[in-house]
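*Asks:* In the order they appear, the protein sequences are chains A and B. Here the first sequence is numbered in full-length UniProt numbering, starting from 1 and rising by one per residue. Here the second sequence is numbered in full-length UniProt numbering, starting from 1 and rising by one per residue.
Bear in mind the hints are in silico, worked out from the structure with no lab data behind them. Positions of the beta carbon are idealized from the N, C-alpha and C atoms, including for glycine. One thing to keep in mind: the hints can contain errors.
Restricting the straight-line Cα-Cα distance to at most 30 Å, the calculated cross-link-like pairs of lysine-lysine (DSSO-like) are [stated by the list, open to error]:
1. K126/A with K21/B
2. K140/B with K145/A
3. K186/A with K140/B
These stretches of chain B come out as covered by chain A in the derived footprint (C-beta under 8 Å, 3 or more residues) [said to hold, decoys possible]:
4. 48-57
5. 64-78
6. 83-95
7. 185-195
Incomplete in silico selection of chain A near chain B, CB under 7 Å [to be verified]:
8. G22
9. G25
10. R107
11. S110
12. L111
13. D112
14. Q155
15. G158
16. V165
17. Q167
Okay, here's what each chain looks like letter by letter:
There are 2 protein chains.
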Amino acid sequence: MKKNPSKQKVINAASSLFYQKGFSGTSVRDIADKASVNVSLISYYFKSKQGLLEYAVTQYYEAYLKRMEEVWSQMEEGSSLDRLKQLVFEIIKYKQEHHQFSCFIHRELSLDSVFVREMAVTYLAKENYLISNAFQEALKSHRRKGLDAVFILLQLKGMLVTPYVMQNEWKDKVVGDYSHDVFVKKYVKTVHQWLDFLMAEKQAELKE
Amino acid sequence: MKKNPSKQKVINAASSLFYQKGFSGTSVRDIADKASVNVSLISYYFKSKQGLLEYAVTQYYEAYLKRMEEVWSQMEEGSSLDRLKQLVFEIIKYKQEHHQFSCFIHRELSLDSVFVREMAVTYLAKENYLISNAFQEALKSHRRKGLDAVFILLQLKGMLVTPYVMQNEWKDKVVGDYSHDVFVKKYVKTVHQWLDFLMAEKQAELKE
Numbered sequence: 001m002k003k004n005p006s007k008q009k010v011i012n013a014a015s016s017l018f019y020q021k022g023f024s025g026t027s028v029r030d031i032a033d034k035a036s037v038n039v040s041l042i043s044y045y046f047k048s049k050q051g052l053l054e055y056a057v058t059q060y061y062e063a064y065l066k067r068m069e070e071v072w073s074q075m076e077e078g079s080s081l082d083r084l085k086q087l088v089f090e091i092i093k094y095k096q097e098h099h100q101f102s103c104f105i106h107r108e109l110s111l112d113s114v115f116v117r118e119m120a121v122t123y124l125a126k127e128n129y130l131i132s133n134a135f136q137e138a139l140k141s142h143r144r145k146g147l148d149a150v151f152i153l154l155q156l157k158g159m160l161v162t163p164y165v166m167q168n169e170w171k172d173k174v175v176g177d178y179s180h181d182v183f184v185k186k187y188v189k190t191v192h193q194w195l196d197f198l199m200a201e202k203q204a205e206l207k208e
Numbered sequence: 001m002k003k004n005p006s007k008q009k010v011i012n013a014a015s016s017l018f019y020q021k022g023f024s025g026t027s028v029r030d031i032a033d034k035a036s037v038n039v040s041l042i043s044y045y046f047k048s049k050q051g052l053l054e055y056a057v058t059q060y061y062e063a064y065l066k067r068m069e070e071v072w073s074q075m076e077e078g079s080s081l082d083r084l085k086q087l088v089f090e091i092i093k094y095k096q097e098h099h100q101f102s103c104f105i106h107r108e109l110s111l112d113s114v115f116v117r118e119m120a121v122t123y124l125a126k127e128n129y130l131i132s133n134a135f136q137e138a139l140k141s142h143r144r145k146g147l148d149a150v151f152i153l154l155q156l157k158g159m160l161v162t163p164y165v166m167q168n169e170w171k172d173k174v175v176g177d178y179s180h181d182v183f184v185k186k187y188v189k190t191v192h193q194w195l196d197f198l199m200a201e202k203q204a205e206l207k208e
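Bound-form chain A, shown alone (with noise of 0.2 Å):
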């Protein structure tokens, strides 16, 4: 990211085109002259449009799970919920961070390519290890009964992916009014008041 300017502007033209137009509906063409370089440069870089692809999704998912990773190694304290909700915190702050490109890459993951086809059983199944190791550990001491875990496991995959795949509605509604931190906030706090009816804390509270 640090090291040549010029690719990374590259990098950042595209992200911001396929975001608006998705993948198939920007050229090469359109990547060139959004980043004022020329056409041949893109060709050098990353000799074609899905290298492009691909560097920009290596570069987005690698630093993603590493960050991911860190985090749940540094975590000791706290109960398995408490875990949970902490790696939920981060991925939201990650995805909210790297915005357009989550956005992109959400969208393209409902594609069925080649691309999604290799995604799926390289970055997609580490990060399901992580997040479902998670869930699973908080589950097991926390657990409402008549909830059914498979459901529920992809309901809380699909929270960590509406504001990036409903993008246009969250904008007009909410996104807009906040900063990213502010948004990642209240968001998080609706994704955890969520974790705490499946995990009856508050049943437990309220039987007290």
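Using the hints, position chain B against chain A.
*Replies:* Just chain B, lined up with the frame of chain A:
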């Protein structure tokens, strides 16, 4: 839908391709090949790929909104929470019945295009009115303290699209195991459980 079988064949082929490869990633030639018709027939019916998209989206949303309005106007008994729950059921049922197109349309809505902006002021505004209205009514009589109304409405709307924007993940883990009907029932149940939490029904039960 009934009158013109070859027109409908084109729409079905297009839905399936848009779903797999996205709108921009699909050519009129691809659609013609899949539908086993001549390219010129597509031009004759729809003028262009954009024309086909608009036709198919109109068909999807007109039928969707018509059904939701009917369902809503026919609900008389029950609390406002019951009515909201029934609406949620009908929405998921419709989306699941048109699974591929639902996946496609929700992906497309995350783009920033003239088409999306047109959708936003027509069909999406109507849909939003229906859902918000049902939600606000239920919230009036049932609301749990400490929840941010805007965030939880968006979260509900997120739950209504999650299985379609994260369709690869749902397909792998859940959807393949069930018929559409069973999936709808099981999924809607988890949304209802969440609504019970929001609306403090469980809390009330526990207090008794």
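*Asks:* Confirm or reject each hint.
*Replies:* Okay, the hints, checked on the actual structure:
1. A C-alpha spacing of about 25 Å is found between K126/A and K21/B, which places the hinted pair at or below 30 Å, so the restraint holds.
2. Simply put, K140/B and K145/A have alpha-carbon atoms about 27 Å apart, close enough for the 30 Å limit, and the pair holds.
3. The straight-line distance between the Cα atoms of K186/A and K140/B is roughly 22 Å, inside the 30 Å bound, and the hint therefore holds.
4. Figure legend: the segment 48-57 of chain B, annotated as covered by chain A; annotation inconsistent (0 residues with Cβ-Cβ distances under 8 Å, at least 3 required).
5. Only residues whose beta carbon comes within less than 8 Å of a beta carbon in chain A count, and the segment 64-78 of chain B has 0; fewer than three means the coverage is violated.
6. Counting residues of the segment 83-95 of chain B whose CB falls under 8 Å from any CB of chain A gives 0; the rule of at least 3 is not met.
7. With 6 residues having a beta carbon nearer than 8 Å to a beta carbon of chain A, the segment 185-195 of chain B meets the requirement of three or more and the stated coverage holds.
8. A distance limit of 7 Å between C-beta atoms decides the matter here; for G22/A the minimum to chain B is near 6 Å, and the interface restraint holds.
9. Given the 7 Å rule on beta carbons, the hint for G25/A holds: about 4 Å separates it from the nearest Cβ of chain B.
10. Interface hint status for R107/A: upheld, as the beta-carbon distance to the closest one in chain B is roughly 5 Å, under 7 Å.
11. Annotation: interface hint on S110/A holds; nearest CB of chain B at approximately 5 Å, less than 7 Å.
12. Nearest Cβ of chain B to the Cβ of L111/A: about 6 Å, under the 7 Å cut. The hint holds.
13. Checking D112/A against chain B: minimum C-beta separation of about 4 Å stays under 7 Å; hint holds.
14. Residue-level restraint check for Q155/A holds (minimum Cβ-Cβ distance to chain B is 6 Å; threshold 7 Å).
15. Taken as an interface hint, G158/A checks out: its beta carbon lies about 3 Å from the nearest beta carbon of chain B, inside 7 Å.
16. The criterion of a C-beta within 7 Å of any C-beta in chain B is met by V165/A, whose closest approach is roughly 4 Å, and the hint holds.
17. Satisfaction of the interface hint for Q167/A is found here, the shortest Cβ-Cβ separation to chain B being roughly 6 Å, below the 7 Å cut-off.
In summary, the structure is inconsistent with hints 4, 5 and 6 from the numbered list given earlier, while agreeing with the others.
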